[in-house]
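Let's have the full structure, built from the sequences with the hints guiding it.
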Amino acid sequence: MIAAALLVPFIVGLALLFLRKRVSGRTAASLGAAAMAASLVLFALVWDGRDEIGGEIDESWIEPLGARLHVGVTVVSWPFLLMTAFIALLCCVWLIAEDTAPALVGLVLIISASALGVFASLDLLLFFVFFELALIPMWFVIAWWGDPHDPVGRRVAATRFLLFTVTGSALLLVGIVLVASRTGSLSIFQTESASLVAAVLIVLGFAVKTPLVPLHTWLPDAHSKAPTVGSVLLAAVFLKLGTYGLIMLGALMLPREFVDVAPYVAGAGVVGIVWSALACYAQDDLKRMIAYSSIGHMGFVALAISTMTDIGLAAAVFGSIAHGLVTGLLFFLSGSLKDRFGTASMRAIGRGLYARTPWLAVAFVFAAVASLGLPGLAGFWGELLSLRAAYEVGVLDQPYAWTALGLAVLGVALTTAYFLRAIRLLAQGEPVSHEGDRDLAVREAVVGGALALAIVVLGLAPGLIVGLYDVPATLNGQSGTTYDGTYGPVER
Amino acid sequence: MPLLYPLVLSAALFGIGLYGVLARRNAVMMLLGVELMLNAVNLNLVAFDAWFADQLHTGQVLTLFTITIAAAEIGLGLAIVLALFRAVRTVDVDEVGASS
Amino acid sequence: MRRTWSYVVLTAALSVAVAVWAVPHLEGDASTRVWVEGSSLLGVSLATHVDALAAQVLLLAVGVGLLVQIYSTAYLGHHARYRSYALVIILFLFGMIAVVAADDLFVLLIGWEVMGLCSYLLIGHEWQTAAARSGAAKAFLMTRVADLGLLVGILVIGQTYGTYRISEVITQEPDNATAIGLLLLVAVVGKSAQFPLHTWLPDAMPGPTPITALIHAATMVAAGVYLVARLMPIFEASELVMTLLAIIAAVTMLLGALFALAQTDLKRALAWSTVSQLAFMFAALSTGDADAGTDHLLSHGAFKALLFLGCGCLMHAVGSSALSAMGGLRLRMPVTFWTMSIGFAALAGVVPTVGFFTKDSVLHALDHGRHEGPLPEGIAVMLLGVALLTSFVTAAYATRLWLLAFLAPATTDRAGLSTGSRSEHRAMTGPLLALAVASFALSIGQPFHLGMGVLSTLVAAAGVGAVLMVWRRGHSLDLDAPWLTSELGLDRPYASWIPSTTRSSARAVVDVDRDGIDAYSHGSVRVAELASRVLALVQTGNVQRYATVIAAGVVVITAAAVIWT
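Chains as they are written, first to last, in the working numbering: chain D, 409 to 900; chain Y, 730 to 829; chain U, 452 to 1016.
Hint data in this document are derived by calculation from the structure and do not stem from the laboratory.
Bear in mind that the values here come from a model prediction, so they are computed numbers and not experimental data.
There's no promise every hint is true.
Claimed, not checked - Below, a sample of chain D positions facing chain U; criterion: calculated Cβ distance under 10 Å:
{"hint": "1", "residue": "Ile831"}
{"hint": "2", "residue": "Gly837"}
{"hint": "3", "residue": "Leu868"}
Even glycine gets a Cβ: it sits at the ideal position worked out from N, Cα and C.
In structure tokens form, the structure reads like this:
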């Protein structure tokens, strides 16, 4: 079942690439949506309880290296898998339009399938292969279908993205090799300790992807020049490869080494929160602003991971999922704006969208409010749990963790400020009508509505995800518990 | 006869041939240099064959083989040089490189 | 018209449902109920706790909410965006219900912030105007930054007590009370617009007047008072927190009253009056007397909503909230005049309005607080003195506003404004009458303290008398005090210092991000270029030179092999 869930989007994606001259864009996108829907349903069904590996496949692959075709759904990866398939499905729905290039749909499917492969892999080499596989199609998506008004800029952005992430991947590969040579196993469930160098390399590799400050400079360019689905996939799926890697290959796989790296991860995370919030405050380009806001949200996730507590794990997973949904929605809507006005510059789009395109404006305000972490919406719980993890300190020093907490709280305040600024510049104000003023089309409304629904559901019922990481413990009995195999398959 | 004599002779031959290839600009002279180096190798092969008293005489067989190859090579090489001369009216490798 | 009333029906249904839920608890039997049990790691469950206080506040919220919805059909029913307006009010009521009825602190937090969002959306309802935009953003930002105190405070409570359920927290022995109290105090001060986070409330006045009555007078700003009352055992346990609360209350009540006295704009004056009255409630709370504070909350909710709705009628009639545009409206708007007179009387604390009784209770609590309770005696005496002074000023500004709005001669010609009922829509006067009745009806059963009652009546009478005397002599009632009309410049940090600091540091961050942090990527490009240029020197394109290098290499390798083996 899990093989089918991975292969269907791959095969459909490749087929669309080869038959790109034969099918229309609308058919291609519908096919893609169907493939992703099938994958989503299969991944939902493959779940086998939090103590089991769902749909596990373990075949020999490259014998001499000890690499195996080992895939399965764990308690950590399941939410990521569902979110990725969901976002990819919505991307395909978004592309159901006349002017869609069938090859773009094919690339979107291959990228999504590769990301699904990363989340499903239980073998380090397989993980790395999928991790790399997602990169190259993304270069094409950005460089070929990116900002139509800036052909040079989009190539530069695409190449920067590729170079940064490939450099990160190289570090990751060396780290994986070090782990394998030390422990003799390529399984993701390592039982022995590897070296600190390996942990540092792996964390650095994922820090580029996540991204943590100061390795983030590729991100605003790539996000702002990518086409709408590219931005959505970058934010909702690609950054999650980084956070998932930090959780799974960092904190869970190498807990003894990660303890020494954790303070740096936490520091980079909270500095990123404040730094990116300030950067957002001075942005004019909406997509750049959302890109910077992603860095801040990933900072919360990094802070949560670095505490290495159960609540931190729940916070990291919840924060990642919530960010995928909320920022996905924000990028879809800014894509709508860019389609209409040919630019994402807030000044150029002009004020008073409440009057000019009411539903689009309301959806944007909803997404902004969700992103600034209003309680009752998905964005809040990730931040809250992360702050709680920092308050409970975990493996960090108490003064350090509480300083981080203070900075993170400051970041929340600044986040509110820049989103209010964006709402003020776009939604409110004396409306000046523009020829591009069109309200949401059906496909945009469907995508936005689905994401908004998911955001509200997760906001009102955070237990859906947090409950996966429940441990039978009272609230204040768990401060400082480290990853000791109390959940899921890590015990193996 | 000690092995040293033919080896010194062959090293000298090889050195002269190498010098010819590296220093001369005339394509014909360079081909001659290559021939000298091949012959140095041949001399080595024969000398070691005699020294080891090889029952199968692989050294001598290989020498015959090399001579054949060298003949083919020099024939082909001179033909190319001739074609080159017809095309660009020179056999100086620097000028050919600059003109192409 | 039917369209607008459908939202009233929705609100009415909500109100009835809440009333059915709340009324049985008015007599004091509290009930705690867990609707949805949360996961153990999260520790958040959907739990409610309704006792007498909660029931009263719930009824106040839905009652004022319903009246405001009815009022709005006439006030804003013609507005193109009436639908979103009415829906946000309903969402707001849900938020308020969540705050009041919540037993789980996170449910409370959700309601608390949803109220903040609704307040933001409603203040910014007229988003074409710059004043509404900036007022809305300021209100949301200041309250939300303060709310972070509540958020962290909740985390500390969870760690200290091992639960997020209020009913379980307040029954335990107080622990860590100073830290928790200080954190919660930040949120309370922000939400209830107390010094030094008080400047957002007057700037929120560009919002439609009905929602000012609902959100910025009766309910949301009072949520801070409710929170302190609800968590009184924690607050009470820390003398530091209570002293701080008392000082904040004292400063705020006097400042608010003085600013209200100097205002030339009726609505803004009422806003300052709200700030001052909320401080009254906090003063009572700081003595540990939760009942006096919450009683004043309820009575203030009724009469201040009345005043704001009346102010809305006046604005509707004259098209401005400036006092200079009003005057002489007594005969033209009789219902508004009489109901607002009752409201002003209650504000000034005139017998037998509810304002008198609850203010009496507050003053009694302060008097009582000199001898027992968490406050040091000096602070309590100071607080009582400031409260009496504030009562005087309150009576004075209430009289002044009343005179200027209704009895002063009209300064502008109002040919277009007809007399009597035509300028007073029935959907607008109905709620006024209901609230006027409530201003008396709530007096029933209020405690009465003879000595303090006489004293406060004397103080109020002095305030009223002083203004009347000035007015009789024909003097202008406008105070010539620039330091009061500029509100002491207390808004300057929020209006200019913090925004400009943020803006300049944001610009600096963007520059550093582009030129500083990115240096390593640009630097690596330069290193690669340099290296390639050096290595390109070797690539001459001359085959013979390559062969020379190869030959030399062979010689070197051979020599090395011979030497080292």
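Results for each hint:
| no. | hint | in the structure |
| --- | --- | --- |
| 1 | Ile831 | 8 Å, holds |
| 2 | Gly837 | 7 Å, holds |
| 3 | Leu868 | 9 Å, holds |
Hint compliance for this structure: no hint is broken.
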